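There are 2 protein chains.
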Amino acid sequence: MSRVFKGPFEVISSRHIYTNPWITVREDEVIRPGGTESIFGVVDMMGGSSVLAMTDDCQVYLAREFKYGVQDYSIETVSGGLEQGELPLETAIRELREEFGLEAREWISLGMIHPFTNVINSPSYLFLARGVEMKHEPKPDPGEKIEVIKLPFAQAVNMVMRGEITNGSACALILKAHFFLEAEKA
Amino acid sequence: MSRVFKGPFEVISSRHIYTNPWITVREDEVIRPGGTESIFGVVDMMGGSSVLAMTDDCQVYLAREFKYGVQDYSIETVSGGLEQGELPLETAIRELREEFGLEAREWISLGMIHPFTNVINSPSYLFLARGVEMKHEPKPDPGEKIEVIKLPFAQAVNMVMRGEITNGSACALILKAHFFLEAEKA
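Residue numbers (the numbering used here), protein chains in the order written: chain A, 1 to 186; chain B, 1 to 186.
Note that these hints are calculated values from the structure, not bench results.
Hints are not guaranteed to be accurate.
One copy or two, it doesn't matter: identical chains are merged, so the pair holds either way.
EDC-like cross-link-like pairs, simulated, lysine to aspartate or glutamate; straight-line CA separation at most 20 angstroms [as the list claims (entries may be wrong)]:
hint	residue 1	residue 2
1	LYS145	ASP28
2	LYS145	GLU184
3	LYS6	GLU90
4	LYS150	ASP57
5	LYS139	GLU103
6	LYS135	GLU90
7	LYS145	GLU29
8	LYS145	GLU37
9	LYS185	GLU106
10	LYS145	GLU86
11	LYS6	GLU144
12	LYS139	GLU83
13	LYS185	ASP44
14	LYS6	GLU86
15	LYS139	GLU90
Keep in mind it's a predicted model, so treat the numbers as computed, not measured.
With these hints in hand, go ahead and build the complete structure from the sequences.
As C-alpha cells, this is what we get:
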C-alpha cells in the first residue's frame with residue numbers, strides 16, 4: 001500500500017475483520033496527526049432513517065422494543081435501514097407505513113446525525129412526519145415485537161429530558177422537532 | 001450452551017470476533033421474538049462523557065477535529081472515554097481540563113444516551129459545565145490535533161439545526177442544554 005492519507009492520518013495498513021448483512025468491521029493501522037502510531041477499529045453500517053410521526057393534534061407515535069445491542073427495552077422513534085437504491089425519505093415513508101400503518105401529509109427533513117463519529121460510519125437521517133393518519137394495517141417485520149405508544153409530543157420531550165428515551169437518534173430528532181416547531185410558532 | 005434468553009431473544013450461540021483497547025465485536029446467533037433465526041453483530045465499547053462547556057456570558061467551547069470513523073472533520077462537544085474506575089463526571093472534568101484547560105463552577109448532568117441501541121453498547125453521559133474559566137494550559141493527547149472554537153451558545157444550537165454539527169451525542173447534549181436553560185428561565 002503506498003502512502004494513503006485520510007485527513008491528517010496516514011494509513012499504514014487496513015485489514016477486513018468481519019461482515020454481516022448490516023455491518024462491516026475493519027482495522028486500520030495509522031500514524032496519528034501527532035506522529036504516534038495507533039489502530040482504529042471502524043464499523044461501517046448502512047445508513048438509516050428515523051421518523052417522528054405526529055398527528056394534527058400533536059400526538060406522536062413511538063415504538064417500544066427490545067434492542068439487542070443494549071440488551072434492554074427502549075422507547076424510540078420508528079427507524080430502519082436504507083435498502084438498496086432507497087433514498088432516506090423513501091426509507092422513512094416505508095418504515096412508517098410498515099411498522100405503524102401510518103401515512104403523513106407533510107414530510108420535513110430535520111437533517112442527519114452520525115451516531116458515533118470516531119468509530120462508526122452510519123448516517124442517520126431524521127424526519128418529522130406531520131398530519132399522520134392510520135391508513136393501513138401495520139405489517140412489521142415478523143421477527144420484531146413492537147409495542148406502539150401514542151402520547152402527547154410534550155410528554156415525549158419530557159421523556160427525553162428525564163432519560164426515559166435514550167436512543168441517540170430519537171433524542172436528537174425529538175429535540176430538533178421541538179426546536180423547529182417552537183421557531184415556527186414564533 | 002443451555003437455553004439463554006436475552007429479553008425476547010433466545011441466544012443459540014455467541015462467538016468473539018474482534019477486540020482492541022476500545023471496542024469488542026461479537027456475533028450472536030439468535031431466535032427472534034417472531035420465531036425466525038437471525039444473527040446480530042454487536043459492538044461493545046467503553047462508555048464516554050461529553051461536555052458542553054459554557055461561560056457565564058453564554059459562550060460555549062467546541063472542538064473541531066478529524067474523526068476517523070466518519071473520515072471527515074467534525075465540530076463536537078469535548079468528549080472522552082471512561083478510564084478504568086472512573087465515574088462519568090470524573091471523566092468529564094478530566095477531559096475538559098486536558099483538552100481545553102477549563103475548570104467549571106457548576107456541573108449539571110443531562111442524562112445518558114445510547115448512540116445506536118440495536119448494534120452498539122456504549123453509554124454516552126452528557127454534562128453541562130457552567131461558569132467555565134481557563135485555568136490551565138490545555139494538554140490534549142499528543143496524537144490529537146484539535147481546533148478549539150468559542151462561540152455564542154445560540155449559534156451552536158443553530159449549527160445543530162442547520163446540520164453543521166452532526167455528532168449524535170453533541171446534538172443531543174446541545175439541544176438538551178437549550179431545553180434545560182429555557183425551562184430554567186421560565
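For this structure, which hints from the list above don't hold up?
2, 3, 10, 13, 14
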